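With the hints as constraints, model all of the structure from the sequences given.
Residue 127 is where the sequence shown starts when you use the numbering used here, and the numbers rise one by one after that.
Hints listed in this document are in silico derivations from the structure and should not be mistaken for laboratory results. Just so it is clear, the structure is predicted and the values come from calculations on it, not from any experiment. One or more hints might be untrue.
Claimed, not checked - Straight line, CA to CA, 30 Å or less: simulated BS3-like cross-link-like pairs of lysine-lysine:
id, residue 1, residue 2
1, 207, 227
2, 189, 176
3, 227, 216
4, 176, 225
5, 156, 216
6, 207, 225
7, 176, 207
8, 225, 189
9, 258, 189
10, 207, 156
11, 177, 189
12, 258, 227
13, 216, 184
14, 207, 258
15, 207, 153
16, 265, 227
17, 156, 189
18, 176, 133
19, 184, 133
20, 257, 189
21, 258, 216
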Amino acid sequence: MGELQVKRVGYDLRTLSLFADFLAQIKRKKEEKKNNFDLSRYGFIYNVIKKINDEYNKEYCIKEIASSYNISHCLFIQLFKMATGQTPSKYIHMLRMEKAKNLLADTFLYITEIAEIVGYNDQLYFSRRFKKEYGCSPKTYRSDEQS
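This is how it looks when you write it as structure tokens:
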């Protein structure tokens, strides 16, 4: 702080430099805390993931799940994303699509049945989501896999 009192040539640049260093240290500490976040304190998130994996075809309300653990839905989404790399809705969607791919390739169930099994009540909606995800319709996917 002597720079401010003496005001030698370049003191203003030196002061700015010290302030920038200070801000950089704060930012680094914040990033370290973010990277060292202790997910083990929130072990319930793994129970939720297991439940979703086991019951992927159910409808889930994120706010209700978060509320049942007395946390905000924003924190729940953050924790879920830290554990899986995806938001809950994206995770459920990808899980359903993978199950649908397996059923299309390995069974002769109607596409309507497969849509219902994996949690979609509307076969047209399921087909659109499938095509968006994989670039082909469920029917085309099945034909390609079974030939």
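Next on the checklist: Run the distance test for residue 227 versus residue 216: straight-line Cα separation, threshold 30 Å.
Outcome noted: Satisfied, since the Cα-Cα distance of roughly 16 Å is no more than 30 Å.
Checklist entry - Is the hinted pair residue 207 and residue 227 satisfied, with a Cα-Cα distance of at most 30 Å? => result holds (24 Å)
Checklist entry - Holds or violated: residue 258 with residue 189, Cα cutoff 30 Å? => result Distance ~27 Å between residue 258 and residue 189 Cα, so the pair holds.
Checklist entry - When you check the alpha-carbon spacing of residue 176 and residue 133, does it fall within 30 Å? => result violated (63 Å)
Item to check | Given pair status - residue 227, residue 258, alpha carbons within 30 Å | outcome: The hint holds at about 13 Å.
Next on the checklist: Run the distance test for residue 177 versus residue 189: straight-line Cα separation, threshold 30 Å.
Outcome noted: At roughly 16 Å apart (the allowed maximum being 30 Å), residue 189 and residue 177 satisfy the hint.
Checklist entry - Does residue 207 pair with residue 225 here, judged by a C-alpha cut-off of 30 Å? => result This hinted pair holds, its Cα atoms lying about 21 Å apart.
Checklist entry - Keeping to a limit of 30 Å between CA atoms, is the pair of residue 216 and residue 184 held or broken? => result holds (14 Å)
Next on the checklist: For residue 176 and residue 207, compute the direct alpha-carbon distance and say whether it is at most 30 Å.
Outcome noted: holds (14 Å)
Item to check | Agreement of residue 156 and residue 189 with the hint, judged by alpha carbon distance not exceeding 30 Å | outcome: holds (28 Å)
Checklist entry - Within a Cα-Cα threshold of 30 Å, do residue 265 and residue 227 meet the stated pairing? => result holds (11 Å)
Item to check | Restraint check for residue 176 with residue 225, where alpha carbons must lie at most 30 Å apart | outcome: Answer holds: residue 176 to residue 225 is near 15 Å, not above 30 Å.
The structure does not agree with the numbered hints 18 and 19 stated previously, though it agrees with the rest.
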